[in-house]
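Protein chains in written order, with this note's numbering: chain A, 1 to 79; chain B, 1 to 200.
I should point out that these hints are in silico values taken from the structure, not numbers from a laboratory.
Each residue gets a CB set at the ideal place from its N, CA and C atoms; glycine is no exception.
Treat the hints with care, as some may be off.
[Unchecked claim] Label pairs and their calculated CB-CB ranges:
1. A:5 - B:55: 18 to 26 Å
2. A:5 - B:162: 21 to 29 Å
3. A:66 - B:163: 18 to 26 Å
4. A:50 - B:43: 40 to 48 Å
5. B:92 - A:16: 41 to 49 Å
[To be verified] Below, computed lysine to aspartate or glutamate pairings styled on DMTMM-like, alpha-carbon distance capped at 20 Å:
6. B:91 - A:64
7. A:79 - B:198
8. B:91 - B:61
9. A:53 - A:64
10. B:169 - A:25
11. B:121 - A:64
12. B:169 - A:9
[To be verified] A few chain A residues that don't get close to chain B, going by computed Cβ distances all over 12 Å:
13. 37
14. 41
15. 46
16. 53
17. 64
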Amino acid sequence: MSTTGPTDDQLDLLLGVLQLTRSDEMTCEQWLDQVGSYLRAVRETGPLSEELKRIEHHFKLCPECREEFEAIQTAWEEK
Amino acid sequence: MSERTDKQWRAELTARDAVAISDLRRFLVRGIARGLGDRAGRDLAEDFAQEAMLKILDNLDSLRADGGLLAWCLAIGMRTAFSELRRSRWKDVSLDALAAPVREQITPTAGPERAGVDETKQRLMSTLRSLIDEELTPRQREAILAELQGIPQVVLAERLGVNRNALYKLSHDGRMKLKSGLQRAGFKENEVRSLLDDAS
Ligand SMILES: [Zn+2]
Chain A
1 MSTTGPTDDQ
11 LDLLLGVLQL
21 TRSDEMTCEQ
31 WLDQVGSYLR
41 AVRETGPLSE
51 ELKRIEHHFK
61 LCPECREEFE
71 AIQTAWEEK
Chain B
1 MSERTDKQWR
11 AELTARDAVA
21 ISDLRRFLVR
31 GIARGLGDRA
41 GRDLAEDFAQ
51 EAMLKILDNL
61 DSLRADGGLL
71 AWCLAIGMRT
81 AFSELRRSRW
91 KDVSLDALAA
101 PVREQITPTA
111 GPERAGVDET
121 KQRLMSTLRS
131 LIDEELTPRQ
141 REAILAELQG
151 IPQVVLAERL
161 GVNRNALYKL
171 SHDGRMKLKS
181 GLQRAGFKEN
191 EVRSLLDDAS
């Protein structure tokens with residue numbers, strides 16, 4: 001896909017991602033099952049369970065899921 | 001429609017009850033339209049909701065959704081919508097032409113006090129480049145580099161012939177290799193962090 005190597009900016013970005021990388025990350029599919037619990041927890045701004053913290057961690061690493069969740073949140077709050 | 005419990009929703013949708021299906025579709029159209037805001041009009045929201053309905057009905061059996069069925073339905077709707085939007089935004093972009101532009105590298109003017117930091121950072125960057133070349137499989141490399149270029153997962157997954165979950169795992173395995181490679185090369189996590197902080 002790309003024949004040239006990454007730029008320094010991209011490597012900086014990657015280093016930031018590697019700082020957050022860990023073995024027990026949640027995947028893009030896994031959080032969907034618990035989205036209702038996460039919505040509730042975020043609304044109540046209470047402490048998150050370990051499982052919900054993994055969702056939060058996934059959103060730090062995955063901008064696309066974060067964008068989707070923000071849209072879900074908007075829709076859910078106005079429903 | 002909000003009076004239904006999850007159990008009722010599940011039973012009625014499983015039985016393909018026409019009223020439940022119509023209620024859910026209406027909920028999805030409204031939710032998707034609100035969530036997308038000015039990213040898409042009502043017509044598109046209806047198309048996305050229709051497509052999401054099929055996925056929802058297909059996946060009801062395997063669904064856990066312990067946090068609420070409607071929230072899960074909305075999440076499926078939003079994922080469907082964003083995937084379509086991202087796909088269409090990238091449909092005319094040839095991924096082969098996406099070779100990262102070699103940007104002019106801006107090196108901060110180095111005073112004597114920066115020299116040590118810059119040298120370590122340069123060593124870190126060159127180690128990372130070598131790890132990308134030598135430790136990653138071709139598919140892991142392609143996935144990670146494409147993500148750094150901002151190519152959406154839905155586009156990349158199709159290109160690699162995998163689903164989004166498998167793509168995430170591919171990239172995650174690659175990241176784990178790079179992370180442990182840096183540690184093996186002697187870069188401690190807090191050292192990398194302070195170099196990053198220093199750069200920002
Ligand atoms: Zn994700």
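Taking the hints in turn, this is what the structure says about them:
1. A:5 - B:55: 18 to 26 Å: Taking Cβ atoms as reference, residue 5 of chain A and residue 55 of chain B lie about 38 Å apart, which means the hint is violated.
2. A:5 - B:162: 21 to 29 Å: 24 Å, holds
3. A:66 - B:163: 18 to 26 Å: Hint holds: Cβ distance 20 Å, inside 18 to 26 Å.
4. A:50 - B:43: 40 to 48 Å: 42 Å, holds
5. B:92 - A:16: 41 to 49 Å: Since residue 92 of chain B and residue 16 of chain A have Cβ atoms about 30 Å apart, the given range 41 to 49 Å is violated.
6. B:91 - A:64: 17 Å, holds
7. A:79 - B:198: 44 Å, violated
8. B:91 - B:61: Not satisfied, since the Cα-Cα distance of roughly 33 Å exceeds 20 Å.
9. A:53 - A:64: 18 Å, holds
10. B:169 - A:25: Given pair residue 169 of chain B, residue 25 of chain A holds - Cα atoms ~9 Å apart, limit 20 Å.
11. B:121 - A:64: With Cα atoms ~29 Å apart, residue 121 of chain B and residue 64 of chain A exceed 20 Å; violated.
12. B:169 - A:9: 24 Å, violated
13. 37: Per Cβ check, residue 37 of chain A is inside 12 Å of chain B; nearest 3 Å; violated.
14. 41: 9 Å, violated
15. 46: 15 Å, holds
16. 53: Fine: 15 Å to the nearest Cβ keeps residue 53 of chain A off the interface.
17. 64: Nearest chain B Cβ is 6 Å from residue 64 of chain A, so the label is violated.
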